[in-house]
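Asker: The lines below spell out each chain.
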Amino acid sequence: MIMDKPSFIVNGHKLPWQEGLVVRDALTMMTYTFKMLVIKVNGKLVKKGDYDSTPIPLNAEVEVIHLISGG
Amino acid sequence: MIDREAYFSKRHPIAFPIWQRAVIGIAGAGGLGSIVASSLARAGIGKIIIADFDTVSLENLNRQQFTLQQIGEAKVHALASNIAGFNPFIIIEPHLVKVTPANIETLFGGCDIMIEAFDDADQKEMLIHKWMENYPAKPIIGASGISGYGNNESISIHRYDKLYIVGDLQSKLEDGISPIATRVAIIANMQANLALELLAPHNQEGNDNG
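Residue numbers (numbering that gives the first Met the number 0), protein chains in the order written: chain A, 0 to 70; chain B, 0 to 209.
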C-alpha cells in the first residue's frame with residue numbers, strides 16, 4: 000500500500016508537512032511577503048503575535064488572507 | 000414634515016422590517032465607508048454607527064461621496080449631513096475618532112454587523128483581528144484588493160466563517176494613484192448588499208430574490 004506523503008494545505012496549495020512546522024513556516028514556503036494578514040488554521044483565527052508559535056497540524060487547512068491598502 | 004409611511008413605501012415586506020431594527024457599524028468614512036453608509040441608509044437600515052478621524056480634502060472627491068463645499072469638514076459629519084438630506088428617519092451616530100483596539104468595543108459593541116471600510120491595511124488588520132477575537136459570532140465584512148479599474152470579474156466575496164472579504168485580494172495601490180470611483184463603489188456596494196443579505200437571508204420563509 001502506497002502512503003501519501005504527509006502534507007497540509009495553504010490557500011488550496013498542497014505543501015509537504017513535517018513535525019514542528021509553525022504558521023510562519025507556511026508563509027515562508029508560500030513566499031508570501033505581505034505584512035497585513037488574517038490567518039486561520041483549521042478555521043481557527045491565529046492571533047497576530049502567534050505566527051511563530053502556532054503549530055501546523057498534519058493535514059491542516061491554512062487560510063492566509065492578504066489585507067491590501069485602499070479604501 | 001415627511002410622512003414616514005409615504006417615505007418607506009414599496010419596501011420588501013419581510014426584509015425591510017428586519018433592516019429597520021438593525022444596527023450596522025462602519026469603520027472608515029472614505030471611499031468605501033461613504034458609499035456603504037449611503038446605500039444602507041437608502042435601503043432602510045435603522046441605525047448606522049460610523050467612525051473616522053479624517054476631514055474631507057480635494058483629492059477625496061475622485062471617489063468619496065462629498066462635495067466641494069464640504070472640504071475641511073469632518074467626513075463623519077459631512078456624511079451624516081448628506082444622508083439626512085435624503086433619509087430623515089435613519090439614526091446616524093457619527094464619531095470623529097481614530098478607531099483603535101481600545102475603543103472598538105465602546106464604538107461598535109452594539110452593532111449587529113461590522114463593516115471594515117478603512118484605507119490602510121494595518122487598520123484593516125487591527126479591526127478584523129480585534130473584532131473576531133471579541134465577537135466571534137458577529138459578521139465582519141472587509142475589503143481587500145480594490146485598486147485600479149475594470150477587471151469586474153476578479154471581484155468576489157471570500158468567506159471565512161463570519162469573516163467576509165470583498166475584493167480581488169491582490170490588486171495593490173500604485174504609488175501616487177488613488178483607488179478609482181467605479182471599482183470602489185462596486186466593492187462598497189457588495190459589502191452593503193452582503194450586510195443586507197446576512198440580516199435577512201433569502202431562505203427565510205416567504206422571502207425571495209425580489
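These are calculated hints, taken from the structure and not from any lab test. Quick caveat, the model's predicted, so the values are computed rather than measured. Be a bit skeptical, because a hint or two may be false.
[What the hints assert, rightly or not] Residues from chain A shown here face chain B by an in silico Cβ test under 10 Å; the list is partial: (1) K39; (2) G42; (3) T53; (4) P56; (5) I64.
[Claimed, not checked] Computed beta-carbon distance windows for the label pairs: (6) A:K47 / B:P87: 41 to 47 Å; (7) B:E4 / A:K34: 48 to 54 Å; (8) A:G19 / B:L197: 18 to 24 Å; (9) B:N133 / A:K13: 32 to 38 Å; (10) A:G19 / B:E58: 22 to 28 Å; (11) A:G19 / B:L95: 46 to 52 Å; (12) A:K46 / B:I156: 47 to 53 Å; (13) A:D24 / B:D174: 41 to 47 Å; (14) A:G19 / B:S56: 47 to 53 Å; (15) B:G109 / A:K47: 50 to 56 Å; (16) A:D3 / B:L197: 47 to 53 Å; (17) A:Y31 / B:L95: 33 to 39 Å; (18) B:P135 / A:P56: 35 to 41 Å.
Where is the CB? At the ideal position from N, CA and C, for every residue including glycine.
Asker: Look at each hint and say if it fits the structure.
Answerer: Consistency of the hints with the structure:
1. With a cut of 10 Å, the hint placing K39 (chain A) at the interface with chain B holds, because the nearest CB-to-CB distance is about 6 Å.
2. Interface restraint check for G42 (chain A): the shortest CB-CB distance to chain B comes to about 6 Å, inside 10 Å, so the restraint holds.
3. The beta carbon of T53 (chain A) is not positioned within 10 Å of any beta carbon in chain B (closest approach about 14 Å), and the interface hint is therefore violated.
4. Look at P56 (chain A): its Cβ only gets to about 18 Å from chain B, farther than 10 Å, so that hint breaks.
5. Evaluation of the I64 (chain A) hint against chain B yields a held restraint, the C-beta minimum of about 6 Å falling below 10 Å.
6. Distance hint check: the CB atoms of K47 (chain A) and P87 (chain B) are about 42 Å apart, consistent with the given range 41 to 47 Å.
7. Taken as a hint, the range 48 to 54 Å holds for the pair E4 (chain B) and K34 (chain A), whose Cβ atoms sit roughly 52 Å apart.
8. For G19 (chain A) and L197 (chain B), the hinted distance range of 18 to 24 Å is not satisfied, since their beta carbons lie about 39 Å from each other.
9. Separated by about 34 Å at the C-beta atoms, N133 (chain B) and K13 (chain A) satisfy the suggested range of 32 to 38 Å.
10. Against the hinted window of 22 to 28 Å, the Cβ-Cβ separation of G19 (chain A) and E58 (chain B) comes to about 49 Å, which falls outside the hint.
11. Under the hint 46 to 52 Å, the C-beta atoms of G19 (chain A) and L95 (chain B), about 49 Å apart, fit the expected range.
12. Checking the proposed 47 to 53 Å range against K46 (chain A) and I156 (chain B) shows it is violated: the Cβ atoms sit about 24 Å from each other.
13. At roughly 32 Å, the beta-carbon separation of D24 (chain A) and D174 (chain B) lies outside the given 41 to 47 Å, and the hint is violated.
14. Look at G19 (chain A) against S56 (chain B): about 50 Å separates their beta carbons, and that is inside 47 to 53 Å.
15. A C-beta distance of roughly 25 Å is found between G109 (chain B) and K47 (chain A), which places it outside the suggested range of 50 to 56 Å.
16. Between D3 (chain A) and L197 (chain B) the beta carbons are some 38 Å apart, a value that contradicts the proposed interval 47 to 53 Å.
17. Checking the proposed 33 to 39 Å range against Y31 (chain A) and L95 (chain B) shows it holds: the Cβ atoms sit about 36 Å from each other.
18. Range check, P135 (chain B) to P56 (chain A): Cβ separation about 20 Å, and the 35 to 41 Å hint is violated.
Consistency note: the structure conflicts with the earlier hints numbered 3, 4, 8, 10, 12, 13, 15, 16 and 18.
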